[in-house]
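Asks: Build the full structure now, drawing on both the sequences and the hints.
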Amino acid sequence: MSLKAQVLEDIKQAMKAREQARLATLRMLSAAIKQKEVDERVELDDGAVLAIIEKQIKQRNEAAIQFEQGGRPESAEAEKAEAAILASYLPAQLSEAEVVAEIAAIVQAVGANGPQDMGKVMGAVKAKLAGKADMGKVSGLVKAVLSK
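This note's numbering puts the sequence shown at residues 1 to 148.
Treat the hints as calculated values from the structure; they're not laboratory data. Just to be clear, a hint being listed does not mean it is correct.
Claimed, not checked - Calculated cross-link-like contacts (lysine-lysine; reagent style DSS-like; alpha-carbon spacing at most 27 Å):
(1) K58 - K132
(2) K148 - K137
(3) K58 - K126
(4) K55 - K34
(5) K80 - K4
(6) K4 - K58
To be verified - Cβ pair distances, simulated, as ranges:
(7) D117 - S95: 21 to 27 Å
(8) K148 - E77: 39 to 45 Å
(9) G71 - S147: 36 to 42 Å
(10) E68 - K137: 19 to 25 Å
(11) S147 - L94: 17 to 23 Å
(12) S75 - V145: 35 to 41 Å
(13) K126 - M15: 33 to 39 Å
(14) L90 - V42: 19 to 25 Å
(15) Q13 - D39: 25 to 31 Å
Beta carbons are placed, not taken as given, at the ideal position from N, Cα and C, and that holds for glycine.
Replies: What follows is the structure in structure tokens.
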């Protein structure tokens, strides 16, 4: 079952179980997927759906930080809860050691020599680790590996 089909099935289950918070979050995700499909006039594959989920999680986490800074802890908790629901659709996250090992293998495979090859390495890393690691942290790890 594709990731998009799984989201639609989970929307039905949330309706039947009357889980309002989960239902609202999944409907938002479904709307984001449909919007992307309409804008690009394509049927999204699981990789593209994962990218949308990661973007939505990032937005929720940033909003939670803003709400906490603004003195609205109840809104921050709601955003964190939505991020947790969305995170359940991501594949298992790799540990930092596993990510570093993958980066080292990719650096060797593309023949990167230093920081000037950052773009080449990040392109390969994004393709291989999409959805399995936070790309913000991965970028820092790639810089550290390339600057050695």
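Asks: Does each hint fit the structure? Answer for all of them.
Replies: Hints versus structure:
For the given pair, K58 sits about 14 Å from K132 by alpha-carbon distance, which is consistent with the 27 Å threshold. About 17 Å separates the Cα atoms of K148 and K137, which keeps this hinted pair within 27 Å; it holds. For the given pair, K58 sits about 16 Å from K126 by alpha-carbon distance, which is consistent with the 27 Å threshold. Between K55 and K34 the CA atoms are separated by roughly 15 Å; this keeps the pair inside 27 Å, and the hint holds.
Taking the CA atoms of K80 and K4, the gap is about 22 Å. The hint holds against a cut of 27 Å. Restraint check for K4 and K58: the C-alpha separation of about 19 Å stays at or below 27 Å, so the hint holds. Remark: the range hint 21 to 27 Å for D117 to S95 is upheld by a beta-carbon distance near 25 Å. For K148 and E77, the hinted distance range of 39 to 45 Å is satisfied, since their beta carbons lie about 41 Å from each other.
Taken as a hint, the range 36 to 42 Å holds for the pair G71 and S147, whose Cβ atoms sit roughly 40 Å apart. For E68 and K137, the hinted distance range of 19 to 25 Å is satisfied, since their beta carbons lie about 21 Å from each other. Between S147 and L94 the C-beta distance comes to about 22 Å, which sits within the given range of 17 to 23 Å. Between S75 and V145 the beta carbons are some 39 Å apart, a value that agrees with the proposed interval 35 to 41 Å.
Checked against the given bound of 33 to 39 Å, the beta carbons of K126 and M15, roughly 35 Å apart, stay inside it. Checked against the given bound of 19 to 25 Å, the beta carbons of L90 and V42, roughly 22 Å apart, stay inside it. A C-beta distance of roughly 28 Å is found between Q13 and D39, which places it inside the suggested range of 25 to 31 Å.
Checked against the numbered hints above, the structure violates none of them.
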